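Residue numbers (my numbering), protein chains in the order written: chain U, 58 to 383; chain Y, 58 to 383; chain W, 525 to 867; chain F, 525 to 867.
Please note that the accuracy of each hint is not assured.
Unchecked claim - Sample of chain U residues at the chain Y side, in silico, Cβ under 8 Å:
| no. | residue |
| --- | --- |
| 1 | V90 |
| 2 | P198 |
| 3 | A328 |
| 4 | Q335 |
| 5 | D353 |
| 6 | A378 |
Unchecked claim - Under 7 Å between C-beta atoms, here's a sample of chain W residues computed to sit facing chain U:
| no. | residue |
| --- | --- |
| 7 | A646 |
| 8 | V652 |
| 9 | G653 |
| 10 | L654 |
| 11 | A657 |
| 12 | N686 |
Just so you know, these hints were derived from the structure itself, not from any lab.
Given the structure is predicted, the values throughout are model-derived calculations rather than measurements.
The beta-carbon is built from N, C-alpha and C at its ideal position, and this holds for glycine as well.
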Amino acid sequence: MTECNLAQAVTMALDHALASDPDVLLLGEDVGVTGGVFRITDGLQASHGADRVIDTPVAESGIVGAAFGMAVAGLRPIAEIQFLGFAYPAFDQIVSHVSRIRNRSRGRFTAPLVIRIPYGAGIGAAEHHSESTEAIFAHTPGLKVVVPSTPADAAGLLLTAVADPDPVVFLEPIRSYRRTRGDVSDPPEPVPFGRAAVRRTGPDLTMVAYGAMVPEVLEAADRLSDSGIEAEVLDLRTLVPLDLETVIESVSRTGRAVIVQEGHRTCGFAAELAATIQEEALYSLLAPVARVTGWDTVVPLRRSEHHYVPGPERIAAAATAVAREG
Amino acid sequence: MTECNLAQAVTMALDHALASDPDVLLLGEDVGVTGGVFRITDGLQASHGADRVIDTPVAESGIVGAAFGMAVAGLRPIAEIQFLGFAYPAFDQIVSHVSRIRNRSRGRFTAPLVIRIPYGAGIGAAEHHSESTEAIFAHTPGLKVVVPSTPADAAGLLLTAVADPDPVVFLEPIRSYRRTRGDVSDPPEPVPFGRAAVRRTGPDLTMVAYGAMVPEVLEAADRLSDSGIEAEVLDLRTLVPLDLETVIESVSRTGRAVIVQEGHRTCGFAAELAATIQEEALYSLLAPVARVTGWDTVVPLRRSEHHYVPGPERIAAAATAVAREG
Amino acid sequence: MLEILSPDGSLVGEPPISAAEARPLYAAMVAARTYDHKSTALQKQGRLATYASFEGQEAAQIGTVAALRADDWVVGTYRDAAAMWMQGYPWVNLFLGRTGDERGGSPPAGVNVLPPSITVGAHMIHAVGLGWAERHRGSDRIAMTLFGDGATSEGDFHEAMNFAAVFRAPVVFVCQNNQYAISTPRDRQTVSETLAQKADAYGMPGLQVDGNDLFAVLTAAGEAVARARTGEGPTLIEAVTFRVGAHTTADDPGRYRDPAEEAVWRDRDPIDRVRRFLELEQQWTPEWQAELEKESTEAIELAIAQAEELDPLEAGDMFDRMFATPTTQLERQRRMLLGEPHD
Amino acid sequence: MLEILSPDGSLVGEPPISAAEARPLYAAMVAARTYDHKSTALQKQGRLATYASFEGQEAAQIGTVAALRADDWVVGTYRDAAAMWMQGYPWVNLFLGRTGDERGGSPPAGVNVLPPSITVGAHMIHAVGLGWAERHRGSDRIAMTLFGDGATSEGDFHEAMNFAAVFRAPVVFVCQNNQYAISTPRDRQTVSETLAQKADAYGMPGLQVDGNDLFAVLTAAGEAVARARTGEGPTLIEAVTFRVGAHTTADDPGRYRDPAEEAVWRDRDPIDRVRRFLELEQQWTPEWQAELEKESTEAIELAIAQAEELDPLEAGDMFDRMFATPTTQLERQRRMLLGEPHD
Ligand SMILES: Cc1ncc(C[n+]2csc(CCOP(=O)(O)OP(=O)(O)O)c2C)c(N)n1
Ligand SMILES: Cc1ncc(C[n+]2csc(CCOP(=O)(O)OP(=O)(O)O)c2C)c(N)n1
Ligand SMILES: [Mg+2]
Ligand SMILES: [Mg+2]
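Required output: the full structure, derived from the provided sequences and hints.
As C-alpha cells, then:
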C-alpha cells in the first residue's frame with residue numbers, strides 16, 4: 058500500500074503495465090524525455106527504453122492512427138493525448154477506425170488500445186485545456202469510456218484498460234491529479250469495468266457522478282447531511298460499460314436522483330442517465346431527476362471558470378430542491 | 058410554387074443565395090464541375106462562376122478551416138462535406154474554432170458560415186456513408202444545428218442559415234433527397250430557427266422527430282390511427298435552437314411521449330429531450346418517455362441496415378406500448 | 525519517370541524479371557480485370573451496391589504487391605481489390621463487401637490484409653503502426669499502403685509520411701495517381717509537379733514510375749520493399765496511371781473528363797503491353813489467353829455464387845462484434861430490437 | 525540560409541533598410557522583450573496564468589510583421605505576442621488573455637489580428653481563408669500566419685499549405701523554427717533537412733533565413749509579402765531561431781535541453797546584434813537605450829494596471845457571446861446559474 062495522489066497512481070499503473078508485458082508501449086507528445094506535461098510518465102523512458110516510451114511529433118491523428126496499427130498487429134499501445142481539447146484532430150481515427158475495426162472485420166482484427174487523456178477544468182488553464190466532452194465518446198459505438206475519481210481506481214482501471222481486448226478512452230481528471238490522494242496497492246489491484254462504486258450511503262436521494270465531480274458531490278453530500286438530508290453517492294467509474302443496475306436500484310429506493318456532470322448540458326451523459334432512469338423507474342420517482350452540469354458555453358478562462366464548473370454549492374442547492382420536492 | 062424533391066429544394070435555395078448575395082460562395086469536394094455527388098450543386102458553377110462555386114482538394118479540415126477564415130473576413134461561405142462520416146477530419150476546426158471565435162473575441166470576430174452535410178442511412182451505402190451523429194454537434198456550444206424534413210423546410214431553413222450571424226451545421230437527410238417531395242415557393246420562403254412544426258395533431262400521445270425520421274413517424278402515426286390511437290407529431294426542424302415550449306406544451310396535454318431518432322442511442326438527442334421532458338413535465342407523464350433510436354452499433358451495411366434504422370413498425374410498436382401503458 | 529516496358533511491348537529499360545516470370549503476373553492482371561468487369565456488370569443488375577472500378581490500374585496494384593512477401597501487411601482502399609486479392613484477400617470477401625454484407629471484411633487467418641478503407645486518407649498511418657509493431661517485435665514483416673492522388677491532400681497523408689520517416693517504419697507508400705479524385709483532376713489537387721516529390725518534405729525517397737508499366741512498377745516496388753525490409757525506412761512510390769472507368773458506378777466521368785484523354789490512356793493499357801511483350805518473347809498464345817480467361821471467370825463466378833448463397837445476417841448480429849463481449853446495454857438493445865422483454 | 529547581419533553587428537549581405545530605418549524596429553524589439561520579461565515576472569507572482577516566452581524570437585516576429593501593411597491580417601499563436609502587438613494588438617489585451625480574462629481576445633476595431641491560437645496547427649488555414657476572401661472581394665490585403673517547428677507536423681499544416689498553393693491565396697507562412705516543440709527537438713519532429721524545403725511539396729517557394737537576423741528576416745518577409753500582394757501566391761519562410769526561455773512557465777527545459785546549446789544561442793541574440801550594428805553606425809547611444817527601456821516599461825506597466833483594474837466578468841457573462849443572440853436554452857441556463865426561477 059502506498060499513499061499517493063491520482064497522478065502518481067497513474068504512473069504506478071503505467072510502470073507496472075510496461076514491466077509486466079513487453080507488448081505494452083507508450084507514445085505521445087513529450088511523454089519520454091521530459092516525462093509528460095503532468096510528469097505522469099516521468100522516469101518511464103529511462104526504465105523501459107526509448108523504443109517503448111516514445112516521444113512523437115506534434116500530430117494527434119498520427120499518434121492515435123499509429124497506435125491503432127500497432128494494436129492491430131498485436132501490441133498493447135497506450136497513446137497519450139496531452140489534453141482532451143487536443144484529441145479532436147484525432148477524432149476521425151477514433152470514431153472511424155479505432156472503434157470499428159473489430160466489427161468491420163468480424164473480429165478478425167481488433168484494436169486493444171488505450172487512449173489516455175487528461176480532461177476537465179479547475180486549474181485555470183488556457184482555452185481548450187478544460188474540456189469535458191466524454192459524452193461524445195460515450196455516443197460513439199465500440200469505445201469503452203473510463204473516468205476514474207480516486208488513485209486506486211485510476212491505477213486499477215488503467216490496468217484493466219490495458220488488458221481489455223477493445224479500445225478504451227481513459228479520461229484522467231486533471232484537477233484530481235494532485236488534489237486527490239489515497240491508498241494504492243503495489244502492484245495496483247485491477248478494477249473491473251461496469252461496476253459503480255457506492256461512495257456514500259443514504260436513504261434520502263441518489264447522487265450520481267464520475268471523475269472530477271465525485272469529490273464535489275461528496276462535499277455537497279456532507280453539507281446536505283448538516284441540514285438532515287442523507288444522500289447516496291454513486292461513482293460510475295466507467296460510462297461504457299455502464300452499471301445501470303446499481304443506479305436504478307438506488308433510485309428505486311430513494312425515489313430521487315441528481316446527476317452531476319462537468320460537461321456541457323445538452324446531450325451530456327447526465328441526459329442519458331436521466332432519460333434511462335425515468336424509463337426504468339418512473340413510478341418510483343418522487344421528483345424529477347435533476348441535472349447539475351456545465352453549461353452550453355465555452356468553458357470560461359481562469360477568472361470565470363468557477364461559474365461554469367459545478368461546485369458543492371450548486372450541487373447541494375439542486376439536491377436540496379430535489380429532496381424537498383413534493 | 059414548384060413541386061420538387063428535397064434535393065432540388067436545396068439546389069433552389071443555394072442558387073437563390075448565390076444570386077442574391079455576392080458574398081455567398083460554395084466550396085467543397087466535387088461541388089463544381091460535376092455538381093456534387095448528389096448533384097445538389099449541379100449547374101451552379103456554370104451560372105455563378107468557378108470563383109464562387111469552388112472545387113477543393115480532398116481535405117475536410119482544409120475546407121472548413123478555409124471557409125472559417127472567409128467567414129471571419131466577412132464572406133458568407135457555404136462549405137459542403139460529402140457525407141457526415143467524412144466530417145470527422147474537420148471536427149477540430151468545427152469544435153475548436155468555428156463554434157468559438159465569437160466568444161473568444163467577444164464578438165469582435167464572427168464566423169457566419171454554413172456547413173452542409175448529407176447524413177443518415179437508408180440508401181444501402183458503404184460504411185461511413187450512413188452516419189447520424191447530430192448529437193455531437195448539438196453537444197458543441199456555439200453551433201446551430203438544423204435538420205430539415207421537407208423540401209420547403211430544406212430550402213427555407215437553408216436561406217435562414219445563410220443569413221444567420223453564427224455558424225450553422227446543416228444536415229440534409231440523404232434518404233429524403235429524392236423520396237420526399239413537396240411544394241417550394243420560388244424564391245423559397247425563409248423558415249425561422251427554433252420553431253417546431255406540428256405535422257399531425259392528436260390527443261393520445263406526442264411523437265417527436267426531425268429530419269429523415271419524420272416521414273417514418275408520420276407513417277407510424279397513420280398505423281396507430283388505424284388502431285384508434287391519435288398521435289401528435291412534432292418535427293423539431295432545428296435542434297439548436299430548440300423549441301422546447303411546443304414539445305412541453307404537447308406532452309403536458311397528452312401525458313405521453315415517444316422520441317424517435319436515427320442516431321446511436323447513448324447520449325443521442327432523444328436522451329436530451331427525454332431528460333428535459335421529465336424535468337419540465339414529470340407530473341403530467343402517464344408513462345415513461347420512450348426513445349426509439351438507432352443502436353449503439355456501427356450502422357450495418359446494405360443487407361442489414363433496416364435492422365438499425367427505426368421504421369414505422371418499431372416506432373408504432375413503441376408508441377402503442379406508451380399509449381396503452383397505465 | 526521510370527519506364528521499362530513501352531506500350532508496344534518493347535523494352536526501353538532493364539526488366540526486373542524474365543518473360544517466364546512475367547507470365548503469372550500477366551495471369552493475375554487478367555484475373556483482376558475479369559473480376560472488375562464482372563463486378564461492374566453485377567452492379568448494373570443490382571446485385572452489388574456501388575462498385576469502384578480499377579480498370580487500367582492493374583499493373584500498379586499487381587506489380588507493387590508482387591514485390592511483397594506473403595505475410596506482409598497490405599492496407600488499401602475501396603479501389604484496391606486487385607492488390608488485396610493479390611495478397612490473399614479472397615474474391616468472395618470482396619464480393620460480399622460490395623453486396624453490403626459485413627462478412628466481406630473478414631479475410632482468412634494468415635492473410636494480413638485489412639478490409640478496404642472507405643475513408644480517404646486515414647488508413648496510411650495504420651500501415652505505419654503495423655510495420656512499426658512488426659519491427660518492434662523483431663519481425664521483418666513490412667507494410668504496404670495503397671492510396672490515390674486525392675488522398676495526398678488529406679492531413680493524415682502528411683502525418684503518416686512524417687511518422688514513417690521519423691521512426692524509420694518499414695512501410696511502402698504506393699500512390700496510384702490515376703489523374704482524378706472523383707471529378708477533381710490531379711493538377712487541381714496540388715501544385716507540386718509530381719506527387720513523388722512530396723516525399724522530400726519528409727526526408728524520404730520518392731520514386732515516380734509509369735504505373736501502367738508492370739516492369740517499372742515491379743522495379744520500384746522491389747527497391748522500396750528491400751529498403752523497408754532491411755531497416756532503411758519508408759519509400760513513396762507514385763505510380764502514374766489512369767482510372768479508365770467511372771469513379772464508382774454512381775459517377776459519370778462524361779461530366780468532367782475529355783473523351784480524348786480517355787482514348788490516350790486506353791492505348792497505354794497495362795495488360796495489353798505485357799501481352800505484346802510476352803508475344804514477342806513467344807510466351808503468349810491465344811489458347812493460353814482463352815485458358816486464363818476461362819479459369820478466372822470460373823473462379824470469379826464461383827466466388828459470386830458463394831457470396832450470394834449466404835443468407836443475410838440475423839437481425840441481432842450487429843450487436844455481436846462491437847466488443848469482444850457485448851455490454852449489458854447492447855444486450856438490452858438487442859432484446860429491444862427482437863421485441864423481447866428488456867426491462 | 526539567408527544571413528545579412530552577423531552576431532557581431534557587421535554586415536555579410538545587403539541590408540534591406542538603412543540604419544535610421546532600423547531604429548524603430550530595434551525599439552520595437554526592445555519593447556517586446558520588456559513585455560516578455562515583465563510577463564514572466566508577473567506569472568511568478570501569480571498575477572498571470574501560464575506564460576509562453578518568446579525571448580530570442582523578437583527579430584523573427586517583429587521583422588516579419590514589419591513587412592506588412594497596417595490592415596493586413598495576422599494569425600499567430602500563444603507565443604507570438606510580439607508579432608501581434610507589432611500589428612496593433614494592444615499590450616493590455618495580451619495581459620488580459622494571460623490573466624485568464626476573455627476580454628483579452630477582443631482587439632480594437634481595425635486591428636486585423638486574430639486572438640492567439642492555442643491549438644497547434646489549426647490556425648494556418650484560417651489565414652488562407654482570410655487572404656482568399658480579401659482577394660475575392662478585390663482587396664489587396666494579405667494574411668500572415670506564424671507557427672512553430674512542431675506545428676509543421678500537424679495535418680492542418682499540410683492542408684493549409686496545399687490550399688494556399690492551389691488557390692494562390694495571398695498568404696505568408698512564417699515558421700519560427702525555435703528548435704523545440706516543448707521537449708521535442710527539431711530533428712525528432714521531422715527528418716527533412718530544412719523546414720523550408722517542405723514548401724516544395726506544394727509547388728510553393730520556401731526560404732530559410734537566420735531568424736535572429738532582423739535584416740535577413742525583413743528581406744525574406746518583404747519578398748514574400750510582395751509576392752502575396754501582387755497575386756503571385758503564398759510563400760513559406762523558415763526563420764531559424766531559438767526559444768531562450770522555457771516552453772511555458774510550467775516547463776523546465778533543464779529536463780531536455782543542454783545548457784551548452786542555450787549558451788550558443790545567447791551569443792546569437794537578435795537584439796544585441798542590431799544594437800551593435802546601430803552602434804557601429806553611430807545610431808545607438810546608452811541614453812537612447814535607457815529612454816527606450818523607460819518608455820516601454822511605462823507603457824507596459826500602464827497596460828498591466830489597466831488589465832488588473834478590471835473587475836472580473838459577471839457570472840452570467842459566458843452566456844452572452846455564444847451566439848449573436850443567446851438561445852432560450854442559454855437564457856434558461858443563465859437563470860439556473862444565477863439561482864433565478866427558470867421553469
Ligand atoms: C475522408 C473522406 N473524404 C471524402 C470521401 C469521399 N470520396 C471517396 S473517394 C474520393 C476521391 C479520392 O480520390 P483518390 O484519392 O485520387 O482515389 P481514387 O478514387 O482516384 O482511387 C472522395 C473525395 C471519403 N471517402 N473520405
Ligand atoms: C493540437 C494541439 N496539440 C498539442 C498541443 C500542446 N502543445 C502546446 S505547444 C506545443 C508544442 C508546439 O511546438 P511548436 O509548434 O514548435 O511551437 P513553439 O511552442 O515551439 O513556439 C504542444 C504540443 C496543442 N496546444 N494543440
Ligand atoms: Mg485518384
Ligand atoms: Mg518550436
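Going down the list of hints, with the structure as the test:
1. V90: Nearest chain Y Cβ about 26 Å off; hint violated.
2. P198: holds (5 Å)
3. A328: Hint on U:A328: holds, closest Cβ of chain Y at ~4 Å, below 8 Å.
4. Q335: holds (4 Å)
5. D353: holds (5 Å)
6. A378: violated (12 Å)
7. A646: It holds, given that the least Cβ distance between W:A646 and chain U is near 6 Å, below 7 Å.
8. V652: The hint holds - W:V652 has a Cβ within 7 Å of chain U, the shortest such distance being about 5 Å.
9. G653: holds (2 Å)
10. L654: Holds - the Cβ of W:L654 comes within 7 Å of chain U, reaching about 4 Å at its closest.
11. A657: Since chain U brings a Cβ to about 4 Å from W:A657, closer than 7 Å, the hint holds.
12. N686: Hint holds; W:N686 Cβ to chain U Cβ min 6 Å, cut 7 Å.
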